[in-house]
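Colleague: Here's the letter readout for the chains.
Number of protein chains: 2
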Amino acid sequence: MAVVLMSSRYAFNVGRAFRISIASCSGKKYSSSQEWDAVPFDEVKRFIVDCMVKVGTKRSHSELLADNLATADHRGHYSHGLNRLDMYVHDIQSGITVSEKEPTVLQELAATAYVDGQNLLGPVVGNFCMKLAIQKAEQVGVGWVVAKGSNHYGIAGWYAMQASKKGLLGMSFTNTSPLQVPTRARKAILGTNPLSLAAPAGDGDSFVLDMATSTAALGKIELHDRKQIPIPDGWGVDSNGKMSNDPKPVLDGGGLMPLGGSEVTGGYKGYGLAMLVEIFCGILGGAAYGPNIRRWKNTDRVANLGQCFIAINPDAFAPGFEVRMKDLIDTCRELKPAEGCDKVLVAGDPERQHIDMCQKRGGIPYHPNQIKYGKDLAAKLAVEPFKLC
Amino acid sequence: MAVVLMSSRYAFNVGRAFRISIASCSGKKYSSSQEWDAVPFDEVKRFIVDCMVKVGTKRSHSELLADNLATADHRGHYSHGLNRLDMYVHDIQSGITVSEKEPTVLQELAATAYVDGQNLLGPVVGNFCMKLAIQKAEQVGVGWVVAKGSNHYGIAGWYAMQASKKGLLGMSFTNTSPLQVPTRARKAILGTNPLSLAAPAGDGDSFVLDMATSTAALGKIELHDRKQIPIPDGWGVDSNGKMSNDPKPVLDGGGLMPLGGSEVTGGYKGYGLAMLVEIFCGILGGAAYGPNIRRWKNTDRVANLGQCFIAINPDAFAPGFEVRMKDLIDTCRELKPAEGCDKVLVAGDPERQHIDMCQKRGGIPYHPNQIKYGKDLAAKLAVEPFKLC
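From first to last, the protein sequence lines are chains F and Z.
For the first sequence, position 369 matches number 369 in my numbering, and the numbering has no gaps at all.
For the second sequence, position 8 matches number 8 in my numbering, and the numbering has no gaps at all.
Honestly, the hints are just simulated from the structure, not real lab data.
Be aware that a few hints might be false.
DSS-like, lysine-lysine: derived pairs with alpha carbons at most 30 Å apart [unchecked claim]:
(1) Z/Lys248 with F/Lys336
(2) Z/Lys297 with F/Lys326
(3) F/Lys343 with Z/Lys187
(4) F/Lys187 with Z/Lys336
(5) Z/Lys227 with F/Lys242
(6) Z/Lys248 with Z/Lys187
(7) Z/Lys343 with F/Lys242
(8) F/Lys326 with Z/Lys242
(9) F/Lys242 with Z/Lys326
(10) F/Lys326 with Z/Lys187
(11) Z/Lys375 with Z/Lys220
(12) Z/Lys220 with F/Lys242
(13) Z/Lys343 with F/Lys248
(14) F/Lys297 with Z/Lys336
(15) Z/Lys242 with F/Lys343
(16) F/Lys242 with Z/Lys336
(17) Z/Lys220 with F/Lys336
(18) Z/Lys248 with F/Lys343
(19) F/Lys227 with Z/Lys242
(20) F/Lys336 with Z/Lys187
(21) Z/Lys297 with F/Lys336
All values reported here derive from a predicted model rather than from experimental measurement.
Assemble the whole structure, with the sequences as input and the hints as a guide.
Modeller: What follows is the structure, given as C-alpha cells:
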C-alpha cells in the first residue's frame, strides 16, 4: 500500500471527485419525487399562457412558449421549463422582447432561408423557422434556416422533434450568453451552445439528442453549491482557468468547461463543438456572437441571438430509415451493461422514463419551491393559479 | 493533512491520471522531430501514386488517395497518412476494394444526392460526393450527399476543406469499424465516428474541426502502451466496461470511451454524438452500421461504409460571414491563457503550426520507422523509393 498525503480539503475533493469520475456510470437521477404535487400538462400550459397574455403577449405566441416550457418539464428538464417563466414575463413587461410582430424572411433559396426574428420570443422565431425548414426538406431534401434577432428559446429538442414527428430528421442549435471557457483560456466567451438531433424510429420511438456543448449546465453546478457537494472533473474552472472540484470558484468569476473537460481528456473537442454551434448561429446569421452576447440575466439590451434549424428528408436517401434507426437504438438498449451499471440507454430514453412517470402521476410533479413560485407569480399577475392533480 | 491509503499500482494510476486530468492544458505535442528525415510533399504523393498504380489502381483514383494521405501527414495526423498506405495497397491487391468503376448517383433532389460508392477507395467516393454537395450549395444554398458502399477515406477534414477553399462551409462524417463503447455498456459497437467542419475566414485563414467522437484515437492508446505510460481518465474501458488508466486492458478486449469519458463527466454526450454520425452515415445511407461493420483490420468482407458530405453557402445567409468568422477566431486566439498554459488555439491551428514546420524543413518529417516502412514497401512493389530532402 502506498500512502498519499494531501491537504484535507483537497483529499476530500480528490476522493469524492475521483470516485465520481472513475465510475463508468452513475445513472442520471431525476430530482422529481413521489412526495411532490403534480400539475396536469395542459394546466401547466394554461397557466403559462395566462401569465404571458396578462402582460401583453399575443395569445398565439404565448401558446408556443407554453408548449416548449411544459414539454421541458414533462421531459424532466426542469431548469428550462416553468422555472424560466418569470424571465419571459419580465422580458415582455420590460419591452426588451416584443410580441406585436412576426418573423420575416430576409433571403430565401430552395433549400435555405435567412430570417429576422424581430426580437420576438424565442419559441415564436424557432417555430416559424422549423416549419419553413420542414417545408423545404419535403420539397428539395433538406431545409436549412438561420435566424438573427432571436431570444432564449427553451429546449432545443422541441424544435428538432417537430421534424421527427413528421418522419423527418430535425436539428436545432442556438448560441447563448457567454458561460463556457475555451481550452487553455480563463475567460468565458462562448455560450453553453446546445445542439439537438431528433430522428424517427417508427412506432412512436425515436432518437432525441439535446445537449449543451459544455460538460454540464450552470444549473447543475449551482445545485451542487447549494448542497455543498464537490463537482466532478471536467465541469468547471476557476477565474484562473484552472479546473475546480469546488463549485464556488466556478460560480464566482470562473466558467463552464467544454465537453471533454481538460485538454488531455478531450476538452478541445467540446470547445470545437461550441464553436461549430456559434458558426451555425451567430456567424452564419450575422447575430450577436461570442463575447458580445449580453450576459446571462442582464436585460439592458436586446439579446439578438442566432439560431439554426435543419430538417432532412430521409426519403431522399436509402429507403427504410426508420427500420434501421429502430434496429440501432434497440441494439444499444439490449447491450449487457458494465459492472454496477443500470440498463444502457439511448438519447431520449431518460426523457421517456420521465414522461412515463408523469403519465402515472396524472401530471408533472414539481418541487415545493416551484409550486410556491407558481402561486406567487399567479398572485403577482392576478392570474388563476395552476390546479394540482 | 489527510492521509489517503491505496494500493501502490492504484496510487500510481491515481497520481498520474489525476495529475494529468486536473491540468487544464497540456499542449498537443507533435512527435515530429528535428532529427527526422523529411520528404517533400509532392514526393510523398508521387510515391503513394506509384505504389497504388503498381497494384492496378486507376491513376486518377491513386492521385485522390495520395492527396488525402499526404495532407494528413502534412497536418501532423501521421496515423492517417503514409502509415496507412500498405492497408490501401493490400485492399486493392486482394480485390476487397476496387478501382475499375466510378461512384454513381442512385437518387437526387435539388439539395441532396444518394450515392453508391461501388466499393471504391474512400477518397474516390468522398471526392465525388463533396464535389456534388458543393455544386448544390452553390445553386440552392445547401448540398447534402450521403454514400453507401464506401471504404476508409483518410482524414475527414480533407473533404470539408474542399468546400472551405471555395468560400463555402464544408462538413464530412464517416462511420468506422466498431471501437467505441456506449455509456454503461461493455462492448464496442460504434466506430470512432469522426465529424469535420471547415469554415473560411478570409486571407487564407479558416476554422477546421476534425475530430473523432471518442475521447481519443486507438493509436494514442497503443502509443501509451508501447511507452508503458498510463492513459488519462476518459480514454478507455476494460472488457467489463470499467474505465482504465492502464492501456493494456483497453487494448485487450476493452474499447474506447466516448468524448466526455464516464457518465458523470458527460460521456453520454459523446455517445450521442457518435450516434449522430452513425445516423448521418450508416442509417441515412443504408450502409453497414454499428456492430455489423467489419472489424478493424479484418478484410474478409467488404466494408460498405456510410459517409456524409455537406456544403453550406454562407451567401444564402447574412453577408460578411468571413469577417465575423475571422473576428471570432482571432478573439479566441487573443484570450489570456490560463495559468501555466500555452497560447489559446482554435481548431485548425495545431495543423497550421505543423504545416509551417514542414515549410521550414522543405518537406514532411517522418519517424525513422516510417522511412524504413516506405523503403520496404518500395522494394516489395518494385517502385522507386521516396527521395529525402
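Colleague: Against the 30 Å threshold, does the CA-CA distance of F/Lys336 and Z/Lys187 hold or violate the hint?
Modeller: holds (8 Å)
Colleague: Does the alpha-carbon distance linking Z/Lys343 and F/Lys242 stay inside the 30 Å limit?
Modeller: Measuring from Cα to Cα gives roughly 15 Å; hence the hint holds.
Colleague: For Z/Lys248 and Z/Lys187, compute the direct alpha-carbon distance and say whether it is at most 30 Å.
Modeller: holds (16 Å)
Colleague: Given the hinted pair F/Lys343 and Z/Lys187, is their Cα-Cα distance within 30 Å?
Modeller: holds (13 Å)
Colleague: Given the hinted pair F/Lys297 and Z/Lys336, is their alpha-carbon gap at most 30 Å?
Modeller: Holds - the C-alpha atoms of Z/Lys336 and F/Lys297 are around 25 Å apart, at most 30 Å.
Colleague: Is the Cα-Cα distance between Z/Lys248 and F/Lys343 30 Å or less?
Modeller: holds (26 Å)
Colleague: Checking one constraint from the list: CA of Z/Lys297 to CA of F/Lys336, max 30 Å. Satisfied?
Modeller: Distance of about 25 Å is within 30 Å: holds.
Colleague: Need the status of pair F/Lys326, Z/Lys242: alpha-carbon distance at most 30 Å?
Modeller: OK: F/Lys326 and Z/Lys242 at ~27 Å, within 30 Å.
Colleague: For the pair supplied as a hint, F/Lys242 and Z/Lys326, is the alpha-carbon distance within the 30 Å limit?
Modeller: Holds - the C-alpha atoms of Z/Lys326 and F/Lys242 are around 27 Å apart, at most 30 Å.
Colleague: Under the criterion that the straight-line Cα-Cα distance not exceed 30 Å, is the pair Z/Lys242, F/Lys343 satisfied?
Modeller: Status holds; Cα separation ~15 Å.
Colleague: Mind checking the alpha carbons of F/Lys187 and Z/Lys336 for me, to see if they're no more than 30 Å apart?
Modeller: holds (8 Å)
Colleague: Is it true that the CA of Z/Lys248 sits at most 30 Å from the CA of F/Lys336?
Modeller: Between Z/Lys248 and F/Lys336 the Cα gap is close to 22 Å, so the pair holds against 30 Å.
Consistency with the previously given hints is maintained throughout, with no hint failing.
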